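S.K.: Read off the chains here:
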Amino acid sequence: MANYLIAMAVSAGIYALMALGLNVIWGMAGQVNLGLVGFFAVGAYASALLTLKLGVPIAVGVLAGALTAAAVGAVMSLVTARLRGDYLAIVTLGFAEAIRIVASNEIWLTNGTDGLSGIPGPWRADLSPEAFNLYYLCLIAALVIVVFALIDRLGHSPFGRVLRAIRDDEQAASVAGKPTLAFKVKAFAFGSAVLGLAGALYGHYTSYIAPDLFLPLLTLYITLALLVGGVGNNRGAVLGGVVVVTFLESTRFLVPLVPGLTHVQGAALRELMISAALIVVLRLRPQGLLPEARMHPVLAKEQITVRT
Amino acid sequence: MLTEFLQLLLNGAMAGTILAVPAIGLTTIFAVLRFPNFAVASHATIGAFAGYVANVSFGLPVLPAIIVAFAVAGLVGLATDELILKPFRATGFITTAIGSIALTLALENVVRFIFGNELRGYDLPLRRDWRFEGLRVGPQQVENLAIALAVTAAIFAFLAFTRAGKAMRAVADNPTLAGIKGINGETIARTVSFVGMGLAGLGGMLLGLDTTIDPLTGFRAILSIFAAAVVGGLGSVPGAVVGALVVGIGEEMSLIVLSPNYRSAVGFLAILLVLTIRPRGILGQRAY
Amino acid sequence: MGFLNVTGVTAGYTAADEILKGLDFTLEPGEIACVIGPNGAGKSTLLKAIAGLLTPSRGAITFKDRSLVGLPAREITRLGVAYVPQEHNVFPSMSVAENLEIGGYVAPAHMHARVEAVLARFPVLGRKRRHAARTLSGGERQILAMAMALMVEPELMLLDEPSAGLAPAAAERLFEEVRAVNRDKVAIVLVEQNASEALAVADRAYILVDGRTSRTGEARALAADPDIRRIFLGG
Chain W
5 MANYLIAMAV
15 SAGIYALMAL
25 GLNVIWGMAG
35 QVNLGLVGFF
45 AVGAYASALL
55 TLKLGVPIAV
65 GVLAGALTAA
75 AVGAVMSLVT
85 ARLRGDYLAI
95 VTLGFAEAIR
105 IVASNEIWLT
115 NGTDGLSGIP
125 GPWRADLSPE
135 AFNLYYLCLI
145 AALVIVVFAL
155 IDRLGHSPFG
165 RVLRAIRDDE
175 QAASVAGKPT
185 LAFKVKAFAF
195 GSAVLGLAGA
205 LYGHYTSYIA
215 PDLFLPLLTL
225 YITLALLVGG
235 VGNNRGAVLG
245 GVVVVTFLES
255 TRFLVPLVPG
265 LTHVQGAALR
275 ELMISAALIV
285 VLRLRPQGLL
295 PEARMHPVLA
305 KEQITVRT
Chain X
27 MLTEFLQLLL
37 NGAMAGTILA
47 VPAIGLTTIF
57 AVLRFPNFAV
67 ASHATIGAFA
77 GYVANVSFGL
87 PVLPAIIVAF
97 AVAGLVGLAT
107 DELILKPFRA
117 TGFITTAIGS
127 IALTLALENV
137 VRFIFGNELR
147 GYDLPLRRDW
157 RFEGLRVGPQ
167 QVENLAIALA
177 VTAAIFAFLA
187 FTRAGKAMRA
197 VADNPTLAGI
207 KGINGETIAR
217 TVSFVGMGLA
227 GLGGMLLGLD
237 TTIDPLTGFR
247 AILSIFAAAV
257 VGGLGSVPGA
267 VVGALVVGIG
277 EEMSLIVLSP
287 NYRSAVGFLA
297 ILLVLTIRPR
307 GILGQRAY
Chain C
-19 MGFLNVTGVT
-9 AGYTAADEIL
1 KGLDFTLEPG
11 EIACVIGPNG
21 AGKSTLLKAI
31 AGLLTPSRGA
41 ITFKDRSLVG
51 LPAREITRLG
61 VAYVPQEHNV
71 FPSMSVAENL
81 EIGGYVAPAH
91 MHARVEAVLA
101 RFPVLGRKRR
111 HAARTLSGGE
121 RQILAMAMAL
131 MVEPELMLLD
141 EPSAGLAPAA
151 AERLFEEVRA
161 VNRDKVAIVL
171 VEQNASEALA
181 VADRAYILVD
191 GRTSRTGEAR
201 ALAADPDIRR
211 IFLGG
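Residue numbers (the numbering used here), protein chains in the order written: chain W, 5 to 312; chain X, 27 to 314; chain C, -19 to 215.
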C-alpha cells in the first residue's frame, strides 16, 4: 500500500512539473499550448535514447532532454509568433500529434509502437523496487521544489513582469518598446524545458516509453491540473498536479464498482469521467483560463453588444 | 510512371472532395461562432456509427443511412453546443476551444463505451473496381464523390440563395450589425451547430464507407480536416473546398516520398506552412 | 402623441461609467435634429441608447409613446427605428444587393421589389449591385449603410457621424442624400462632428456637453449664435 502511495506521489510530482512548465508558457506568457504532451515526449525520447543507445549518464540525458525540448519550444514559438490564440491552439495540437506520428513510424530511432524499454534509472539495479520508488520520490520532490523556486523568482523578476504585460496586452507592451518576440520565445523555451525535464524523468522512472503514452489526453490532465490550481499560480500548479493524480487514481477504484463492464468499457468510463471533470472545472471558473480580450459578439452577456 | 502519378492525383481529388464536407462544417462553425471546434472529430465518429447502425442493424441502403448520419450528428452537435459549449462562449474562444477538446474526448468515449474498439464495416454490395486508361476507381468511391459534391452544392446554394443562409453569412461577417438588423444570433448559432456538426457526421460516414470505422475514426481525420479548413482560409466555405482538394491531393502525392503512416503529418505541415507564410489561407480574410 | 422622447437618461458602457448624465431630447415626426458637441460628450452613446445597444441606468426613452428601454435592438428596428452605426455599418463580404436584403431582414415581404426600388433610388449603388461592400469607397459605403436602413421604411433614422472620414465632395453628396431622405418624411437624429454641415441640414439642434444637453434650439438660430460660432464653427 505504501509503495502504491509512493508511486502515486511520483506521478503527482511529474504532473506538478508539467503543470509548472505549462504555467510559464500559458499562465505567465499567455501562449496557448495544447501540445504540451509533444514536448513531454521529446524530452522523454531524447533522454531515453541518449542513455539507452549511447550509454550517456542519466543526469546528462535528463539535461539533454530538457534542452532538446527547450530548443523545439523556441523554434515553435518563433514560427508561430504572430498567430492568434485559436490558430496557436490548432498548431500546438497538431504539433503534438505530429511528434507522436514520427515516434510511431521512425522505427530505426524510436522502435516505433513497440516503444523503448529497459531505460536505465538511477541506481535501479542496486535498490529494491520499493527503495527505488522512495529514492525517486525524493528526487522528484527536490526537483519540484527547485523548479518551483526558479519559476517563482522568475515571476517576481522584471522578466516576469514584462511577460505578464505581454500576456495582458501585447500591443501595449510592444508600443512601450519591449521586444515582445524575444520574451515570448524565452518563456516558451523555458516552459518547454520543464516539460522536457518531466518527460525525461518519466522515462527513467517507468523504464518504458511508447508513442501511445503521449496522447492529447495527457494535455487535458495537465490543463485540468492548472485550472484546478489556478492559472498563473505556481503553488496552484503543484496542488493541481496532486489533485488530478488523486482523481485519476480514484477513478481506477471507482470504475470496478460498476458491475458488468468490460475492460474497454471501464477505460472508456474513466476517460469520460476525466473529460467531464474538465468541463465542470472550466464551467466553475467563469473567468476562464486567461484574461481573454475578445468576448463572443453574438452571445456576450451585457455591454455594448446586441441583446438578441 | 505517369499512370501511377495520375492514379494518385485521382485518388487525391476524390479524397479531397470528400474531405471538403467535414471541412465546410468546421469552417462555418468557425465563421459564425468564432472558435475552432475540435469536437468535429467526435461528431464525425458519431455520424459514422449512426450511419452504421442504420445500415447494418436496420438494413438501410447507403443514401438513407447517410441522412441518418447527418441528422444524428447534427442533433448531438446542437445539444452539446447548447448545453456544454455555449456557456463558454461568453468567456472567450480559447476556453471554448478547450471545452470542445474535452467534449470530443467525452463523446468519443461514449461511442467506445457502446460499441467497443473493434473495427466495423458497412454492409455494402460487393462491386468490382472500374478500370479505364490504366486507372482504377471503385464504384463506392464514385458514389461517395457524388454525395460529397451534392452536399457541397447544397451548402453553397443554401448560403447564397436562402434567407437563412444569407443571415448566417451576415452574422459571420458582422455579428453586431446583423443583430441590429434583426437577425437572431441565437437561432443562427443553433442552426450552424446543427448543420456544421451534421456535415462532420456525414463526412465521417463518407470517410468510413470505403474502409472501416472505429471510435478513433474522427480523431484520425481531424488533422486533415483542420488542414483543409486552414489552408483554404478558416471561415471561408469556398476556401474549405479548395483547401480540402489541396490537402487531399497533397496527402496522396506525399505517398511518393513518405510512408502511408505519415499522411496526417502532411496535414500538420500544411497547417504550419500556411499559418507561417499566409495565415489567412488561400481564400480567407481575417487572420489576426 | 409624443414621437421620440428621451427624458433624464443616464447611461454608460459599464456599470461604473456614466457618459450620459441625465439627458433630455425630443424629436417631432419628420424633423431632422442634429446633435453636436465635443468628443466624449455622449453623442454616439445617445444613439446607441435609443437603438437598444445600451440600457440606460436611469431615465426613459419612448417612441410613439412606447418605451424602448430594455427592448432588444432587433425589436426596436421592427418598431420603425433604423440605426446606422458610424463604423462597421455594412457587411463587407456580401454584395451591395445582399446588404440591402439583410437591411430589410425584419420585413421580408416583397423583398426583391423593395431592393430594386432602393437600387433605383441610389444609382451609385445600382451600378455596383453585385460588388462586395468592401470594394466600395468610403462615401459609397455610407450611402449603402443609409440605404440599408431605408429598407425597413423607418419613421426614424439614427445617423452616427455619417460624414466621418469622407472627403468634402463625398460629404456634400451624403448630406444631400440626408436631405432627400428627410423629404420622404423620415425623421432623423443626426450626430455629427461636422457642425456647420449638420446645422445647415437640420431643423433643430442639440448641443451636448459632458453628457447633458447644454443648449437647444432652431438650427438656423444656433448657427448664427456668436458663442456657437466661436466654439464649433471656427469663429
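Simulated from the structure, these hints should not be mistaken for lab results.
The structure presented is a predicted model; accordingly, all values stated were derived computationally and were not measured.
Here a beta-carbon is modelled for each residue, glycine too, at the ideal position from N, C-alpha and C.
Among the clues, some could well be false.
Here are the computed distance ranges between Cβ atoms for each label pair [what the hints assert, rightly or not]: (1) X:M27 with W:S178: 40 to 46 Å; (2) X:L175 with C:G106: 17 to 23 Å; (3) X:R216 with C:G106: 49 to 55 Å; (4) X:T213 with W:I149: 50 to 56 Å; (5) X:N287 with C:G106: 54 to 60 Å; (6) X:E108 with W:F257: 42 to 48 Å; (7) W:R287 with X:I140: 22 to 28 Å; (8) X:G142 with W:G122: 53 to 59 Å.
S.K.: Compare the structure with each hint and give your call.
M.R.: Comparing the hints with the structure gives:
1. X:M27 with W:S178: 40 to 46 Å: violated, 53 Å
2. X:L175 with C:G106: 17 to 23 Å: violated, 36 Å
3. X:R216 with C:G106: 49 to 55 Å: Because 36 Å falls outside the window, the suggested range is violated.
4. X:T213 with W:I149: 50 to 56 Å: holds, 54 Å
5. X:N287 with C:G106: 54 to 60 Å: Holds, since X:N287 and C:G106 (Cβ atoms, about 58 Å apart) stay within the stated range.
6. X:E108 with W:F257: 42 to 48 Å: Since X:E108 and W:F257 have Cβ atoms about 34 Å apart, the given range 42 to 48 Å is violated.
7. W:R287 with X:I140: 22 to 28 Å: holds, 25 Å
8. X:G142 with W:G122: 53 to 59 Å: violated, 33 Å
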